[in-house]
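Asker: Sequence:
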Amino acid sequence: MEHNGRYIIVDVVESLLYYEYIPNGNLGKYIFDKASKPEWKTCFEIIKGICQGLRFLHKAMDGHRPIVHLDLQPSNILLDHNMVPKISDFGLARLFGEEQTRINTINVVGKKGISAPEYLYRGEISAPV
-5 MEHNGRYIIV DVVESLLYYE YIPNGNLGKY IFDKASKPEW KTCFEIIKGI CQGLRFLHKA
55 MDGHRPIVHL DLQPSNILLD HNMVPKISDF GLARLFGEEQ TRINTINVVG KKGISAPEYL
115 YRGEISAPV
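Numbering (our numbering), first residue to last: -5 to 123.
Treat the hints as calculated values from the structure; they're not laboratory data.
Please note that the accuracy of each hint is not assured.
What the hints assert, rightly or not - With beta-carbon atoms standing in for the labels, derived distance ranges: (1) Ala87 - Ser9: 42 to 50 Å; (2) Lys35 - Ser9: 34 to 42 Å; (3) Ala29 - Ala87: 28 to 36 Å.
Think of the CB as a built atom: it goes at the ideal place given N, C-alpha and C, for glycine as much as any other residue.
Generate coordinates for the entire structure from the input sequences, incorporating the hints supplied.
Answerer: Okay, structure coming up:
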């Protein structure tokens, strides 16, 4: 680019997020939709997939610290084209330090009906086991 007889080099850097296409929407839509009648085998595979995802997040592996989601609910579980669940919306998630066993917080966030009692009443988040 030229400006007042001087050449200026401009470097534009773009940051992009790429997301996997999730054609089956979220778990809430799937289980509460009156038109769909989920089979037990499909439900079991979804439950198993969610548990595997939580285990992956909670287990400190390869130098990564454990992650606690804090807002796990049907609308935050997305289902891909094979009905494989994907945990989403990590806006409230917390990282644990390597030796840390609990975190205390003043502001309790997330859904009250599906949060752990120690978190609701004392703002205490326990390390995943």
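Asker: With reference to the structure, classify each hint as holding or not holding.
Answerer: Status of each hint after checking the structure:
Against the hinted window of 42 to 50 Å, the Cβ-Cβ separation of alanine 87 and serine 9 comes to about 20 Å, which falls outside the hint. Taking the beta carbon of each, lysine 35 and serine 9 are about 41 Å apart, inside 34 to 42 Å as hinted. Taking the beta carbon of each, alanine 29 and alanine 87 are about 33 Å apart, inside 28 to 36 Å as hinted.
Checked against the numbered hints above, the structure breaks only hint 1 and satisfies the rest.
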